[in-house]
Amino acid sequence: MDTRLTSRTVPVGIRCLLATAGVLLPPAMRSAWVREWHAEFWYSLAPAHGYRRKMWARALGAFPDAWVLLRQDCGVARRIHEALRSRCAPIILLVLLLSVIGLLTDGFRRGRALLFHDDSAGLVLIAQPIPFMGGSARVPSAQVDAWLEQSETVAELGRWSIGDRVRAGQHIPVCRADAGALRLFAEAPVKPPCRLFELTSSKALPFAGVLARLKSGAPVSKAEQELAQTASLHRGWAQPRVTRLADTRTRPLKPVGLVLLIVFLFSVLAIRANRMAAWVWAISKIALSFAAITGVWAELMARAPFTETGGIPPLWSALLYLAPAVAACSAAWWLRRDARRRCRICYRALALPVLVGMQGRCLFEPGCVEHLCGAGHGSLLVGPAGQPTGEESWVTW
Amino acid sequence: MSDRLNLTYTSGLILQTVAQGLSYGFDIIDHTGLPSGTVYPALRRLEGAGLVASLWDRNETEKSGGPPRKYYKLTPSGQDRLRLLYGRFPLLERTAQ
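Protein sequence lines, in the order shown, are assigned to chains A and B.
Counting with numbering that gives the first Met the number 0, you get residues 0 to 396 for the letters of the first sequence.
Counting with numbering that gives the first Met the number 0, you get residues 0 to 96 for the letters of the second sequence.
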């Protein structure tokens, strides 16, 4: 027995499929196109057996249909241009960008591991602070031996040093490490910035970087106290500093995080200054942009290698401190500029710039450029025309 | 434009189906057995070439209380073109008979 479909019996999935295919078409053509397809489903006779599969197969035909209609009546390039000017295009692009970054980084796995758990397996770096000068230096190997003899906190340690080797006219950094260091490198989530690793004896490294694993529950302060006791054993030995590997890697978190937060708030305030009714769109765009920057930055931070002196290599420092700040400032500049060129009511990009008034006049009808909202909400007057710092005023009709 | 349009057998079949009075998209799909991804794009091309015209059917709405449905009908140039196609695809004419 055949039963006639009503609009309620057109499955929601098919309606969603039609709506998705309809996105290909410009809004002016979309509603008629969707109505045509929906009506066909409404009037379709539904044989009891296998009609749903048949309907789904038919609904999939909406995609080639929309594509042909788009190419024939609208033009793909024009549609892309139109779509990019719409209010949801930047949001969709940012969500796609975040999804791609998320996929490439396995769901921001390394960043999450560093920020929300200590992924460094209790590893610490030991370096010797340089008095008065700042910075750190490698630790005398003999002092490490003295510490190891009487220490109650250290479970395992390794010594290593970064050297240079010329191969085919190129300087290649080589990490010379003892067996303990190589074992600990294998456990560590990040490694020194070297491609080559060489096994060497600890005696061959008079001054070395030290990577150690403390015993379970042993505090860093106790290890530092033990090291302080060794400082008095020999003239010239200073008190080394113990830094957790996780702390070395999360060091940029506070300063750069603060910069990102300030620039984010500045961007939000800039939107507020525009008195934008469509603030939800603008704030979403700002939030997603900063989420993308923060996500990439956190992933880089979790991948930063460590040096013998318990720090981050200079190039990585620039990448982790400067790059996010520059990216955030550039994003804030772009978001502010973009928000000024959008309708305050509906957040559509303003178009059709026309010259109004008379150039050279100061009092009555000075020359301005008027940008119109496509939906007819108002216009933005930028002027006087021809001057680099013209004033802007939003006029609602 | 319709003169330059090189019609395939499939397009000819759709044109002939419309000429037989099966004017709704899904009816053409049922009659020809072609998938919707072939029939609808072909109908758009034929409409763009001026061989078929589409109109909204309000009578059906009054009868059944459903939404207005779009139907397709052959234009005079479409009828001329179909006659030319019978010469090119003899099987198409036989199918029509």
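Calculated directly from the structure, the hints in this document are not laboratory data.
A couple of the hints might just be wrong.
[Stated by the list, open to error] Estimated spans, in silico, between C-beta atoms of each pair: (1) B:93 to A:345: 25 to 31 Å; (2) A:96 to B:87: 47 to 53 Å; (3) A:30 to B:9: 40 to 46 Å; (4) B:87 to A:77: 32 to 38 Å; (5) A:77 to B:93: 39 to 45 Å.
All figures in this text were calculated on a predicted structure; none of them were measured in a lab.
Cβ coordinates follow ideal geometry from the N, Cα and C atoms, glycine included.
A quick look at each hint next to the structure:
For residue 93 (chain B) and residue 345 (chain A), the hinted distance range of 25 to 31 Å is not satisfied, since their beta carbons lie about 58 Å from each other. At about 51 Å, the beta-carbon gap between residue 96 (chain A) and residue 87 (chain B) stays in the expected band of 47 to 53 Å. In this structure, residue 30 (chain A) and residue 9 (chain B) break the distance hint of 40 to 46 Å, their C-beta atoms being roughly 29 Å apart. In this structure the supplied range 32 to 38 Å holds for residue 87 (chain B) paired with residue 77 (chain A), their Cβ-Cβ distance being about 35 Å.
Taken as a hint, the range 39 to 45 Å holds for the pair residue 77 (chain A) and residue 93 (chain B), whose Cβ atoms sit roughly 44 Å apart.
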